[in-house]
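Residue numbers (our numbering), protein chains in the order written: chain Y, 1 to 210; chain X, 1001 to 1210; chain V, 2001 to 2210.
Do not rely on the hints blindly, as some may be mistaken.
Only some residues are given here: those of chain X computed to face chain V with a beta carbon under 10 Å [to be verified]:
| hint | residue |
| --- | --- |
| 1 | 1029 |
| 2 | 1033 |
| 3 | 1035 |
| 4 | 1038 |
| 5 | 1052 |
| 6 | 1055 |
| 7 | 1060 |
| 8 | 1072 |
| 9 | 1076 |
| 10 | 1097 |
| 11 | 1182 |
| 12 | 1195 |
| 13 | 1198 |
| 14 | 1201 |
Hints in this document: simulated from the structure, not taken from any laboratory.
Ideal Cβ placement from N, Cα and C applies to all residues, glycine included.
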Amino acid sequence: MSGLDLGSIIDWTGLFGIAVFAVSGSLEAARKEMDILGFLLIGCVTGLGGGTLRDLLLGATPVYWIERPEMVMICLVASVATYFLAPLLTSRYRALVWMDAIGLSTFCITGTAIAMAHGASPLIAVCMGVMSATFGGIIRDVLCAESLILSSRELYVTTAVAGATAYLLLQLVNVGEMIATLGAFSIAFGLRTAAILFGLKLPQYRRPAG
Amino acid sequence: MSGLDLGSIIDWTGLFGIAVFAVSGSLEAARKEMDILGFLLIGCVTGLGGGTLRDLLLGATPVYWIERPEMVMICLVASVATYFLAPLLTSRYRALVWMDAIGLSTFCITGTAIAMAHGASPLIAVCMGVMSATFGGIIRDVLCAESLILSSRELYVTTAVAGATAYLLLQLVNVGEMIATLGAFSIAFGLRTAAILFGLKLPQYRRPAG
Amino acid sequence: MSGLDLGSIIDWTGLFGIAVFAVSGSLEAARKEMDILGFLLIGCVTGLGGGTLRDLLLGATPVYWIERPEMVMICLVASVATYFLAPLLTSRYRALVWMDAIGLSTFCITGTAIAMAHGASPLIAVCMGVMSATFGGIIRDVLCAESLILSSRELYVTTAVAGATAYLLLQLVNVGEMIATLGAFSIAFGLRTAAILFGLKLPQYRRPAG
Chain Y
1 MSGLDLGSII DWTGLFGIAV FAVSGSLEAA RKEMDILGFL LIGCVTGLGG GTLRDLLLGA
61 TPVYWIERPE MVMICLVASV ATYFLAPLLT SRYRALVWMD AIGLSTFCIT GTAIAMAHGA
121 SPLIAVCMGV MSATFGGIIR DVLCAESLIL SSRELYVTTA VAGATAYLLL QLVNVGEMIA
181 TLGAFSIAFG LRTAAILFGL KLPQYRRPAG
Chain X
1001 MSGLDLGSII DWTGLFGIAV FAVSGSLEAA RKEMDILGFL LIGCVTGLGG GTLRDLLLGA
1061 TPVYWIERPE MVMICLVASV ATYFLAPLLT SRYRALVWMD AIGLSTFCIT GTAIAMAHGA
1121 SPLIAVCMGV MSATFGGIIR DVLCAESLIL SSRELYVTTA VAGATAYLLL QLVNVGEMIA
1181 TLGAFSIAFG LRTAAILFGL KLPQYRRPAG
Chain V
2001 MSGLDLGSII DWTGLFGIAV FAVSGSLEAA RKEMDILGFL LIGCVTGLGG GTLRDLLLGA
2061 TPVYWIERPE MVMICLVASV ATYFLAPLLT SRYRALVWMD AIGLSTFCIT GTAIAMAHGA
2121 SPLIAVCMGV MSATFGGIIR DVLCAESLIL SSRELYVTTA VAGATAYLLL QLVNVGEMIA
2181 TLGAFSIAFG LRTAAILFGL KLPQYRRPAG
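Given these sequences and hints, build the entire structure.
Here's what the structure looks like:
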């Protein structure tokens, strides 16, 4: 963290992303009809997984939530709340998709910012952003034996790459932390929204015969 | 490790848990009819996986078994022994369930103890205990493409949470390492036994229509 | 890295293995008809996964590709090339099997060499070689929801163990880095080739009735 301003915006953005991803994990646990501890476990893993992988790869251990138990607490609270409130939703699947979209758009920014703060080169910073954003959802889907987001959902990785790259470029032109964060979030979330609403996709590789 | 007594009890408990989990991994390899090297690989991953994740997250690297190759040796011996002795068992599935229960009850204690020795807060120590106890089984099930313990088995995560919490509380009231370990093991193993024998479960989340 | 000669051979071997594994990952993405970003992601994960796990376990963080972005670049280039060239292949599955075989034979050597350079004992060095060689392929198969190489392919883990052990023994008898590398590669690749061509397998464990 290089300064108060950057630190605190990233921090709040990060907390928000964690909570949202924890909810998305819990919604998946609801779809699989797990018990309350299944909700807590999947909620924590989804909320904290991306940032944990980032910290491990950067060598920033102990990983961030070990010295900040409130991060774990947020996931636990979000998971319990989902357990009781999910029945009120008319479509848990739709809620999951949107929660996932918000988390994705948030984490590609915080992951990139933290990697830059560790002195990573631009290519690596973008990679870290993409991994932070996608790994929580990947591990959620592996644990819930769901078909992976990688092969099925619209512009998923693309969104993370776009958000991370936008944040990096906005930082390079020095527009300030707040604008860089909001700008990159808008681009990522807008892209994902368009993809979900209009079924946008990159062309799939088509297997020729043989 | 803060002292000889604590260190040696945790150590022996840990070695025992590793061997038992290695056997549970090999029994799964037997069910999948793998070859001997499949037994060795799944045995090692199941036996060492939970503690490896704990060490990575705590930043206690190189992870514990790198400087103690005898840990790996235990897994190899346990896996080879299972390869030759498994045919003598009348039910390999039942053996797997009980081996897994013993490993689970052991690792939730050692994981919590080691996290406390690293100065982790109570919430984090319990999380570490739960992860150490469940991760070996989770990775075993992912590698063997088995349906995950998370969604199918009785009071699985609950057992780990109960054992880790009991150990923490017994330590706080200063009953001594031996009693804390035995007490927590009894609670965890008793709970899991009851769950297996009587089919106890926490209420599952029920999806409302829609 | 203990010297220029060792360092540079290992380095080039490693770069070659990374590229080959990235291609194997991309070929799997082609079989799953992913989009271009799916190719890039699976290519990077497969190419860099084994070495990343090795570095994490050894505590050699930040992991190797963070300070050497050209490693990531190789994977990206290999993945894009595969995206455009794969349609020209008459059998993408056969290409995948052979790329995987070359990567496997390469990484069991570099993994062992790097672990030895970190002062690991012989048993641990062989384990690291085996993990470096197999983890990329395992994570590729998990992400692509492919049935795991562990349970289906011929002499897969055996090849990695043989290559790692051969390299270790050749180093112990001091034949020089070049001969140790070529010798171990020949043994591993020869074994895997024979296994693929002639369907060689270790005897599978057979479940008795009951």
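Hints violated by the structure (listed by number, smallest first): 10, 11, 12, 13 and 14
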